[in-house]
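Which chain is which? The protein sequence lines are R and E, in order.
Under numbering that gives the first Met the number 0, think of the first position of the first sequence as 0, with each following residue one higher.
Under numbering that gives the first Met the number 0, think of the first position of the second sequence as 0, with each following residue one higher.
One thing to keep in mind: the hints can contain errors.
[As the list claims (entries may be wrong)] Examples of chain E residues toward chain R, derived with CB under 7 Å:
id : residue
1  : V118
2  : D125
3  : P148
4  : L151
The set of hints was computed from the structure by calculation and includes no laboratory data.
Idealized CB from N, CA, C, for every residue including glycine.
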Amino acid sequence: MEDKLIEFLLGTFPDAEEIFIEEVAPIPGGFSRETYRFDARVRWADREELLPFILRKDPPKEAAILNTSRAIEHDLIEAIRLHTTVPVSRSYGYEMDPGVFGEPAMVIARMHGNGSTSDLFNGGPDEHQVDDVVRHLCEVLVELHSADISKIDAAGVLGDPRNVGIDTSSWDRYMDSTFDYYLDSYPSMDYDPGVAIMLDSFLTLRRQKPRPMRLSLVHGDFNPANFLYANGRVTALIDWENSRIGDPREDLGWMTTMDILSNTSVMSHPRDEGGFLAYYNKLTGLDITAEEVDYFTLFGTANIAVPVQAAIARRVAGEHRQFLHLYLIQASSATIPNLARMLNYPGVS
Amino acid sequence: MNTTPSIDDLLEGLIFAISDDIIPSLGDAKAYATAAMMQSVLQEIRQLLPVFDAYLVDEHNGMTRTLRDAAAALGDASGEAADHVRERASTLGQWSDLPAPPDREATTAAHRALGEALVATMLDLDVLQRAGDTRADAALDVVRGHFGPRYLRDVATVLVGAGMLGRG
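Only chain R is shown next, with the shape it has when bound in the complex (with noise of 0.2 Å):
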């Protein structure tokens, strides 16, 4: 690997004399692509630089929970540098020739700030940040909710990019054609009728449309384990993989969502502005509800249980054997409950 890396680096630096690749390694986490670390010692004429990296790759083809293009999210990654002062990584490229890494992969910086953020939270060693550091993070969140879509996406493919209908064009087209994805969606991981309650979901989701709200460049994957920290600050929001054109509150939801999946507390911080959706709303001024964070949180849930649940769908199938789809059963029960809650389930409270 080190060899196709300092290739791909020559094309990015064409003015370096020579690159040495060290420390490479496995990250562990992150269930959607196969990343690694590693340094390049890059030395030009007049001078030798350490750079930090991280190369994300995708899965084997019939492993992938989410079909999304590298290109997508390098070309996203760099618009949001570009065009805001949302703290991203700088993306160097991509390789979207299989035979390079073995499969599609991009480079991207690495960057500084602690990414363990379970130390923000029960007791962690970092506990004392945590409000400066959710504060600066819903002030990220306003700041993307409120970029540009035109400049972001001059390219429109952050509409669609999984190409599976979803219209734009309007409010009621998101979602009207977002419901007929997941319906259309549900026989590819219905792999038991314990599945019920993503399909009731969907339709409850499609019988309750709330207010419509203005399309916004929405991170698509918003949860306590996509973003770094230092002294107080986001330092970077990572994992673009699911960005694209949607409603504001779906990051909301899905945050509520991960909150409970990950034994974290993100959405009761800052507590002196009466927590996140609070100082969103303050931010905003779109008072965004509770009952509609609810409602994002069951749409939200729905937007990624549909790849994951047909991931598992097809592990279950035999289609592969990777262990993760497997387990992803176990820890994606943890939300069930709070489903069934909004739903309304008689006897779940």
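Put chain E on the given structure of chain R with help from the hints.
Same frame as chain R, but now just chain E:
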């Protein structure tokens, strides 16, 4: 509870994961041997699970019968030891036979068919709800009333620890 994947599917997945993701990274001979032994024990569990309940019942009933038959074979043998054998035959040996456990495959197939019927019912109720028939709301509550406590019990049974592994 979900019947798919089955307990056997999960155990087989563990055996595959040890082969595919763990053994290739092991450099230590003892660790390699332990991994292979773990696979062997997992395979033993796969073989035990389908027959465990049936064998338990079969052997229970066989042991009560054996206690009775052994005492009968003694005839009128006398002495303290013979009395002990007859005493066991008249107490433990009189326990009732246990019924054979239900056929797991048949039970699983029936469970799945009923689950699929509830899913189909949800879809039909949605058609009625969208047409404005509020009685379908009540009917959906009945279906949800079945699934709700069941989901809570399932989650309490399968969940391990707090938080998803590998997430920051």
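Against the structure, the hints:
At its closest, the beta carbon of V118 (chain E) sits 5 Å from a beta carbon of chain R; the interface hint therefore holds under the 7 Å criterion. For D125 (chain E), the interface hint holds, the least distance from its beta-carbon to any beta-carbon of chain R being 4 Å, beneath 7 Å. Interface hint status for P148 (chain E): upheld, as the beta-carbon distance to the closest one in chain R is roughly 5 Å, under 7 Å. Hint on L151 (chain E) holds. Least Cβ distance to chain R is approximately 6 Å, under the 7 Å limit.
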